[in-house]
Amino acid sequence: MGFGGDLKYSHDALLKLQDWELRLLETVKKFMVMRVKSDKEYASTLQNLCNQVDKESACQLDYISNVSKSWLLVVQQTEQLSKIMKTHAEDLNSGPLHRLTMMIKDKQQVKKSFVGVHQQIEAEMYKVTKTELEKLKSSYRQLIKEVNSAKEKYKEAVAKGKETEKAKDRCEKATMKLHMLHNQYVLALKGAQLHQHQYYDTTLPLLLDSLQKMQEEMIKALKGILDEYSEITSLVTEEIVNVHKEIQTSVEQIDPNSEYNDFIDTHRSSEVVEQEIEFDTSLLEENENLQANEIMWNNLTAESLQVMLKTVIEELMQTQQTLLSKEELVLDLEKKIEESSKTCEKKSDYCEKQHIVLLLSQKQALEELKQTVQQLKCSEAKFAAQKELLEQKVQENDGKEPPPVVNYEEDARSVTSMDKKDKVSRFDTIRHSIAGIIRSPKSMLGSSSFFDVISTTEKPLAEQDWYHGAIPRIEAQELLKQQGDFLVRESHGKPGEYVLSVFSDGQRRHFIIQYADNQYRFEGTGFPTIPQLIEHHYTTKQVITKKSGVVLLNPVVKDKKWVLNHEDVTLGELLGKGNFGEVYKGTLKDKTPVAVKTCKEDLPQELKIKFLSEARILKQYDHPNIVKLIGVCTQRQPIYIVMELVPGGDFLSFLRKKKDELKTKQLVKFSLDAASGMAYLESKNCIHRDLAARNCLVGESNILKISDFGMSRQEDDGVYSSSGLKQIPIKWTAPEALNYGRYTSESDVWSFGILLWETFSLGVCPYPGMTNQQAREQVEKGNYS
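Numbering (full-length UniProt numbering), first residue to last: 1 to 785.
Where hints are given, some of them may not hold.
Unchecked claim - Once the Cα atoms are required to be at most 27 Å apart in a straight line, the calculated DSSO-like pairs of lysine-lysine come out as:
hint, residue 1, residue 2
1, Lys213, Lys335
2, Lys370, Lys220
3, Lys541, Lys561
4, Lys370, Lys112
5, Lys168, Lys16
Stated by the list, open to error - Here are the simulated distance ranges between beta carbons:
hint, residue 1, residue 2, range
6, Lys112, Gly572, 49 to 57 Å
7, Asp517, Ile730, 53 to 61 Å
8, Gln108, Ala385, 53 to 61 Å
9, Asp517, Thr570, 32 to 40 Å
10, Gly161, Val307, 32 to 40 Å
FYI, nobody ran anything at the bench for these hints, they're computed from the structure.
For every residue, glycine included, the Cβ atom is placed at its ideal position computed from N, Cα and C.
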């Protein structure tokens with residue numbers, strides 16, 4: 001017997017139940033507040049109070065719980081306590097009354113959370129099983145009409161012998177859209193079926209069971225409060241002792257496990273049959289080539305199915321990773337609650353009763369986490385089912401030529417294929433020739449040595465050599481290599497929060513430095529400053545936490561060559577705005593002019609990490625045709641990347657502005673500079689991915705420098721695979737990178753070719769007159785000019 005199994009369709013009754021119990025708790029709270037006062041005013045006020053509570057209890061709604069009955073007995077016995085000592089008032093006020101106030105807030109939060117999650121899963125259920133399917137069916141019907149119309153027009157064009165190619169192209173595009181939408185509908189239908197099943201069998205019952213569990217925890221907490229109340233108000237006289245025994249007996253009758261049995265019996269839900277979600281076969285009445293619940297694989301959908309499969313696999317993996325992390329959080333929180341409960345049980349009954357209320361918020365957080373886990377499991381099951389559908393169709397046709405949907409004349413297709421093959425082979429020859437010109441031998445990265453850094457604790461945190469500022473978590477992990485290596489950093493996700501990162505037993509561990517009562521600590525002794533805390537653990541070799549057993553051995557120093565303080569940089573005029581923030585002209589203390597990139601403080605953590613990735617890459621490079629990094633300011637927000645100031649501005653604007661003055665010899669020199677810089681990057685296994693005139697700068701003596709490494713990646717094998725096409729510069733990107741997300745130095749060579757075109761056309765946009773999509777289609781057909 002439980003909420004999840006018996007109250008699936010009794011939502012209104014559950015809301016009324018929570019309202020009833022909140023009113024009951026408010027009544028109990030009001031009683032205790034007035035009881036404190038009555039202890040001072042003695043018997044007359046106490047008697048009036050009990051009479052008032054009796055009247056309020058008589059106004060309760062139709063449901064009277066066992067808790068309510070026990071509470072009424074408590075009130076009745078309290079009427080006899082007319083001579084309660086005033087000294088009990090302070091104990092009553094600081095104990096049960098305070099925790100009851102906390103409990104009411106927790107109970108209000110439980111109701112709010114339950115209502116919010118219920119609305120969310122209800123809305124998601126309606127969206128997945130109704131709204132999205134109706135939208136797809138509407139589009140489906142429209143596209144069928146368009147396909148039939150296109151076919152008719154094609155037949156008319158063939159009959160008239162006019163514009164047949166144009167009519168054929170329209171017919172093929174309309175058919176492709178229909179088949180792709182068909183596949184989307186099949187996948188959405190499968191997801192809706194699974195979502196509905198998960199909703200009624202798992203998601204909703206889990207939510208209701210979570211509510212019941214928290215309701216029972218509240219009853220348990222209330223029982224503890226009332227139990228403590230009975231102890232405080234007890235006196236030693238026989239008469240008062242007898243009253244106390246009556247109150248104690250009434251409280252002990254409260255049983256959290258059976259509290260809601262009567263309520264469940266009264267409001268038990270009737271079973272509702274789940275609605276079947278099936279393929280709407282009426283969609284296929286006007287088209288003979290599509291099959292219900294079948295993925296269509298042909299020459300129009302084969303490529304899209306591969307992309308869809310890849311996307312579903314990525315979504316599934318991401319969901320599984322998120323699910324794993326949430327399940328770990330559930331286990332950790334359960335363990336913490338269990339350990340905390342055991343610790344309190346060993347101390348005293350008083351501690352245990354107090355602890356029950358204090359743990360309510362943690363237990364509520366645990367139940368919310370479990371609800372999140374269930375929602376993730378539902379998503380995982382949907383993605384897995386869709387993946388299975390797609391994989392089955394792809395594997396069935398592995399190695400086979402996709403069948404055509406519409407058969408056209410073979411002659412025209414043969415000629416087109418031959419021309420395309422010819423042009424691809426000629427381009428491959430050109431591409432490999434350029435690659436041979438730019439490649440250069442690889443060089444080895446230098447190494448640096450560390451030195452003793454534990455300095456006096458009188459230094460502020462920012463001046464400590466083991467404090468690395470607001471560096472990303474991933475960068476901190478790369479710096480930790482040996483047993484006992486440690487550093488302190490500011491949290492990227494929560495500015496103002498500090499984290500100790502340590503390498504211990506083959507793992508990189510991260511400990512949040514707790515701050516409370518003007519003291520910094522982990523779990524033991526507190527210190528006024530973080531340097532004093534770190535110094536203590538480093539010199540005494542005391543473990544960070546007993547559970548982890550981590551000991552600090554080797555401070556990892558920040559690379560002072562690149563670390564600047566914000567005070568070292570003076571910002572000047574605004575030069576422009578980038579993806580992450582503004583770019584300013586600035587000066588260092590020695591009057592060196594610099595360019596300063598700033599990072600917006602409200603950016604998500606992942607974008608801040610991407611912002612700093614450019615500096616991480618540039619730290620390793622030193623070449624006259626690569627823009628130089630001066631340093632980074634990470635000690636506080638906002639983060640700065642400080643780079644050399646290149647006075648000539650970006651190369652694209654330079655070409656357009658100076659086009660009447662530039663000679664061929666100078667343009668060749670610019671090309672050589674670019675080739676030299678890119679060859680150096682290749683020797684470092686760096687793939688730029690965004691080489692273009694706009695991302696090059698013109699320095700003194702017209703020296704061209706490669707810049708903007710925001711999209712760059714450094715890979716050991718020289719190959720980088722991207723999972724998306726967000727913000728991809730289409731006209732500058734090689735076909736294999738666009739189609740498969742595979743970037744290499746060869747794809748940079750392609751971009752270099754486009755850069756040469758920009759250079760000698762004096763800043764004209766590549767493929768003039770074409771949109772990105774048109775240019776991409778022409779390139780794939782072998783038309784490169």
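Right, here's what the structure says about each hint:
With a C-alpha separation of about 17 Å, the suggested pairing of Lys213 with Lys335 holds against the 27 Å cut-off. For the hint pairing Lys370 with Lys220, the CA-to-CA distance comes to about 21 Å; that is within 27 Å, so the pair holds. Distance check on the hinted pair: Lys541 and Lys561 sit about 30 Å apart at the alpha-carbon level, beyond 27 Å; violated. Distance restraint check for Lys370 and Lys112: the Cα-Cα separation of roughly 17 Å lies within the 27 Å cut-off, and the hinted pair is therefore satisfied.
For a cut-off of 27 Å, the pair hint linking Lys168 to Lys16 is broken: about 64 Å separates their Cα positions. In this structure the hint that Lys112 and Gly572 lie 49 to 57 Å apart at CB holds, the actual value being about 50 Å. A beta carbon spacing of about 57 Å between Asp517 and Ile730 agrees with the range 53 to 61 Å that was offered as a hint. For Gln108 and Ala385, the hinted distance range of 53 to 61 Å is not satisfied, since their beta carbons lie about 39 Å from each other.
The beta-carbon spacing between Asp517 and Thr570, approximately 39 Å, falls within the hinted interval of 32 to 40 Å. The hinted window of 32 to 40 Å between Gly161 and Val307 holds, with their beta carbons roughly 38 Å apart.
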